[in-house]
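Asks: Given next are the chains, with one letter for each unit.
Protein chains: 4
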Amino acid sequence: MENLPFDTARLAACAAEIVANTRELSALGWTPATSSNFSMRLDDRHAAITVSGRDKGRLVAEDIMVVDFRGQPVATPHRPSAETLLHTQLYARYPEIGCVLHTHSHVQTVASRLYAPQGHVHLEGYELLKAFHGNHTHEMAIDVPVLANTQDMPELAEWVETLLDQQPMWGYLIDGHGLYAWGRTMAEARRHLEAFEFLFACELDLRRLNA
Amino acid sequence: MENLPFDTARLAACAAEIVANTRELSALGWTPATSSNFSMRLDDRHAAITVSGRDKGRLVAEDIMVVDFRGQPVATPHRPSAETLLHTQLYARYPEIGCVLHTHSHVQTVASRLYAPQGHVHLEGYELLKAFHGNHTHEMAIDVPVLANTQDMPELAEWVETLLDQQPMWGYLIDGHGLYAWGRTMAEARRHLEAFEFLFACELDLRRLNA
Amino acid sequence: MENLPFDTARLAACAAEIVANTRELSALGWTPATSSNFSMRLDDRHAAITVSGRDKGRLVAEDIMVVDFRGQPVATPHRPSAETLLHTQLYARYPEIGCVLHTHSHVQTVASRLYAPQGHVHLEGYELLKAFHGNHTHEMAIDVPVLANTQDMPELAEWVETLLDQQPMWGYLIDGHGLYAWGRTMAEARRHLEAFEFLFACELDLRRLNA
Amino acid sequence: MENLPFDTARLAACAAEIVANTRELSALGWTPATSSNFSMRLDDRHAAITVSGRDKGRLVAEDIMVVDFRGQPVATPHRPSAETLLHTQLYARYPEIGCVLHTHSHVQTVASRLYAPQGHVHLEGYELLKAFHGNHTHEMAIDVPVLANTQDMPELAEWVETLLDQQPMWGYLIDGHGLYAWGRTMAEARRHLEAFEFLFACELDLRRLNA
Numbered sequence: 074m075e076n077l078p079f080d081t082a083r084l085a086a087c088a089a090e091i092v093a094n095t096r097e098l099s100a101l102g103w104t105p106a107t108s109s110n111f112s113m114r115l116d117d118r119h120a121a122i123t124v125s126g127r128d129k130g131r132l133v134a135e136d137i138m139v140v141d142f143r144g145q146p147v148a149t150p151h152r153p154s155a156e157t158l159l160h161t162q163l164y165a166r167y168p169e170i171g172c173v174l175h176t177h178s179h180v181q182t183v184a185s186r187l188y189a190p191q192g193h194v195h196l197e198g199y200e201l202l203k204a205f206h207g208n209h210t211h212e213m214a215i216d217v218p219v220l221a222n223t224q225d226m227p228e229l230a231e232w233v234e235t236l237l238d239q240q241p242m243w244g245y246l247i248d249g250h251g252l253y254a255w256g257r258t259m260a261e262a263r264r265h266l267e268a269f270e271f272l273f274a275c276e277l278d279l280r281r282l283n284a
Numbered sequence: 074m075e076n077l078p079f080d081t082a083r084l085a086a087c088a089a090e091i092v093a094n095t096r097e098l099s100a101l102g103w104t105p106a107t108s109s110n111f112s113m114r115l116d117d118r119h120a121a122i123t124v125s126g127r128d129k130g131r132l133v134a135e136d137i138m139v140v141d142f143r144g145q146p147v148a149t150p151h152r153p154s155a156e157t158l159l160h161t162q163l164y165a166r167y168p169e170i171g172c173v174l175h176t177h178s179h180v181q182t183v184a185s186r187l188y189a190p191q192g193h194v195h196l197e198g199y200e201l202l203k204a205f206h207g208n209h210t211h212e213m214a215i216d217v218p219v220l221a222n223t224q225d226m227p228e229l230a231e232w233v234e235t236l237l238d239q240q241p242m243w244g245y246l247i248d249g250h251g252l253y254a255w256g257r258t259m260a261e262a263r264r265h266l267e268a269f270e271f272l273f274a275c276e277l278d279l280r281r282l283n284a
Numbered sequence: 074m075e076n077l078p079f080d081t082a083r084l085a086a087c088a089a090e091i092v093a094n095t096r097e098l099s100a101l102g103w104t105p106a107t108s109s110n111f112s113m114r115l116d117d118r119h120a121a122i123t124v125s126g127r128d129k130g131r132l133v134a135e136d137i138m139v140v141d142f143r144g145q146p147v148a149t150p151h152r153p154s155a156e157t158l159l160h161t162q163l164y165a166r167y168p169e170i171g172c173v174l175h176t177h178s179h180v181q182t183v184a185s186r187l188y189a190p191q192g193h194v195h196l197e198g199y200e201l202l203k204a205f206h207g208n209h210t211h212e213m214a215i216d217v218p219v220l221a222n223t224q225d226m227p228e229l230a231e232w233v234e235t236l237l238d239q240q241p242m243w244g245y246l247i248d249g250h251g252l253y254a255w256g257r258t259m260a261e262a263r264r265h266l267e268a269f270e271f272l273f274a275c276e277l278d279l280r281r282l283n284a
Numbered sequence: 074m075e076n077l078p079f080d081t082a083r084l085a086a087c088a089a090e091i092v093a094n095t096r097e098l099s100a101l102g103w104t105p106a107t108s109s110n111f112s113m114r115l116d117d118r119h120a121a122i123t124v125s126g127r128d129k130g131r132l133v134a135e136d137i138m139v140v141d142f143r144g145q146p147v148a149t150p151h152r153p154s155a156e157t158l159l160h161t162q163l164y165a166r167y168p169e170i171g172c173v174l175h176t177h178s179h180v181q182t183v184a185s186r187l188y189a190p191q192g193h194v195h196l197e198g199y200e201l202l203k204a205f206h207g208n209h210t211h212e213m214a215i216d217v218p219v220l221a222n223t224q225d226m227p228e229l230a231e232w233v234e235t236l237l238d239q240q241p242m243w244g245y246l247i248d249g250h251g252l253y254a255w256g257r258t259m260a261e262a263r264r265h266l267e268a269f270e271f272l273f274a275c276e277l278d279l280r281r282l283n284a
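Chains as they are written, first to last, in our numbering: chain A, 74 to 284; chain B, 74 to 284; chain C, 74 to 284; chain D, 74 to 284.
Chain A on its own, in the form it takes in the complex (with noise of 0.2 Å):
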């Protein structure tokens, strides 16, 4: 364990606050039959990520490794989740975010086949919308984009690349799949998380009731 090349102490903190934080969405029931996968960043090289196929309500700290941002196993036998490019693209993109949250609920996954079609769920006239970082009143609107799902990742990253060179945002969701969330730091990562989940629920419920 000698000349790692990221700092174990940093890791050992990350991997506490991961498995945490995995429990209590696992919980809620956002992670549902071993899917979803969370992360926070290390250095400017190196992020922690959850292994793939592990069950989030069970989580340990053994279940976390290290990758670069290319996506590869930094001194560990595991594999990492398939979809870790969507994660390290983020941290290599912008220096400033420290959490990636990637959930499974059954909000988002339903969302993300309705609104699949038109490309984005347009959000309006929420107060929530203020927990976003960034916005100070409930008087804008965004439109969370809803990418197509696809097992071709460089292909998925390149999308958002292009959605990212367009606009600011906190997240997205994938067809079928679920969202992807983040923030420079655990807490907030949480609270754009829960922004977004809790703002999808209405959404969907308002059309349920044919508003």
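Watch out, some of these pointers could steer you wrong.
Remember, identical chains collapse to one label, so a pair may be satisfied in a single copy or spanning two.
Said to hold, decoys possible - Straight line, CA to CA, 25 Å or less: simulated DMTMM-like cross-link-like pairs of lysine to aspartate or glutamate:
#	residue 1	residue 2
1	Lys203	Glu97
2	Lys203	Glu169
3	Lys203	Asp136
4	Lys203	Glu261
5	Lys203	Glu228
6	Lys203	Glu135
7	Lys203	Asp238
8	Lys203	Asp225
No lab work stands behind these hints: they were computed from the structure.
Please build the complex by placing chains B, C and D on the supplied structure of chain A, with the hints as guidance.
Replies: Just chains B, C and D now, kept in the frame of chain A:
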């Protein structure tokens, strides 16, 4: 900490009660993304209220501050919620009110958006109408006001004053924002809050069922 | 506390069982805003029942009182629930009944309002119909009565007697109010209560789905 | 307890695993009113299974009994669930299957009634289809069979055999009754069960949303 214009033992007791109740409400999912705020009367000039922007599921006593009835911080560097005035106007107007709870549940938010055009939610035919202090039968009806949302708090407070001039009431909705409910004690405010949430949820569901 | 007309050890055992079960039902959200009441038979003349207006999520043994089968308090200054007669009429009529549970869930309240015009909820085609004591197949149907709501308890009790004269049954709804369910033991009453809640929820959802 | 035809240490380990997992499933509300049953393979002739009629939220090791693959009790006076044959037919047919879970959730019951006329639930376009063992992409579809309900277990078991002759599958629904799901281990059976529940819930909701 000398010569404070309020009773610190009373503040400590209120802070403990606010923290315990806020955590329970947060566990129900009624305070998403650091939203919502909660207060109790300290005396005839001061109230204890949650500091702005704190995670309500992890609230501690240090997250409670003191304000006067104009909504200004007292003996603290903390910033109160932007909506503090909506709490303190109630304490200033009604000496018997001891607790104000502002939550932001899914049901409250959806109901506020759905009924904003007609300006109120009509509740009738429910046994639980007896849960509101002063009601002794289900054979009555109430109209819960739905106010437009605005970031101009003095204006919003003025609309509330006008409503209070017209009718006795234990709560109101703000469009896209959530519920204010109050009572003489924390227990009564909680009971009113639970009754509003339950009755709004029933109304929404009957509408989904086209009843 | 001498010469009480009931067995105090039996009361203590029933109170403990009522408290434990009521807290579980409260945690499910079936007792909003201090609503609902719960009882067990003590002997052939007395029942233990929850005191009116208590928070069911914080119930303690002191919140349980004794009533006779006319619904009158025995050896206690406490006031029983207004609906006590709906419990005691069952103990008086059926020596085998040991427990009566009255809850006020969202599903029960919405179902009661939706089906009040036709006077019953028809349940058919569910395996869970076997959960009701005496049923050994799903190839049957039951009509759960929905009574009008009234604050006149003797009148409501008389309606129930008329229903009981007509058919065997393990529960009924009151419009806008909730469910009464019962059984020979607490465990059986809980099983019947859970089965009614589950089956009403399925019926409502099939209607939402236009099935 | 001598000369038992199975390994008692293996039984104790399986009973502990069944109890822990059943309590978790019960806490999700998937085992209402003492319904549902759960089993694990002991060896090539025996399985451990829940005794009929027990409250799944309070299950203990003594509520687990042994049956042979014809569904008959072995070295126990307990009565197994009427549906035991639906468990043991899978162990008898597939040596690699180690666990069978039968639950009775709201979503499973409603889906079974809604899709019974067409005989299956079609699942397509979901990332979570990858949760089923053997699937490596979301670009596929599965039809989950919905069987008619009957109290004639040998007949029901025969229908299942016919289905298993036609296609590989990890679960099926019974009309008005619930889901059978299985896997090589308890963890895999749980993952399959969670995936079915999640995907059925999405399908129902998309239908509510008229999507």
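Asks: Given identical chains, is Lys203 near Asp225, meaning Cα to Cα at most 25 Å, within a copy, between copies, both, or neither?
Replies: between (34 Å within a copy, 15 Å between copies)
Asks: Is the C-alpha distance from Lys203 to Asp238 at most 25 Å within one copy, between copies, in both cases, or in neither?
Replies: within (23 Å within a copy, 31 Å between copies)
Asks: How would you label the pair Lys203, Glu135 (within, between, both, or neither) given a Cα cut-off of 25 Å?
Replies: between (36 Å within a copy, 24 Å between copies)
Asks: Since the copies are identical, ignore which copy is meant and state whether Lys203 and Glu261 lie within 25 Å (CA to CA) inside a copy, between copies, both or neither.
Replies: within (12 Å within a copy, 30 Å between copies)
Asks: From the Cα coordinates, with 25 Å as the cut-off, is the pair Lys203 and Glu169 best called within, between, both, or neither?
Replies: within (20 Å within a copy, 33 Å between copies)
Asks: I want to check one pair: Lys203 and Asp136. Are their C-alpha atoms no more than 25 Å apart within a copy, between two copies, both, or neither?
Replies: Only across copies: Lys203 and Asp136 sit 20 Å apart there, 34 Å inside one copy, limit 25 Å.
Asks: Go through the copies and call it for Lys203 and Glu228: within, between, both or neither, with a Cα cutoff of 25 Å.
Replies: between (32 Å within a copy, 19 Å between copies)
Asks: Could you place Lys203 and Glu97 in one of the four classes (within, between, both, neither) given a Cα distance threshold of 25 Å?
Replies: Both ways: Lys203 and Glu97 sit 23 Å apart in one copy and 24 Å across, limit 25 Å.
Comparing the model with each numbered hint stated earlier shows that all of them hold.
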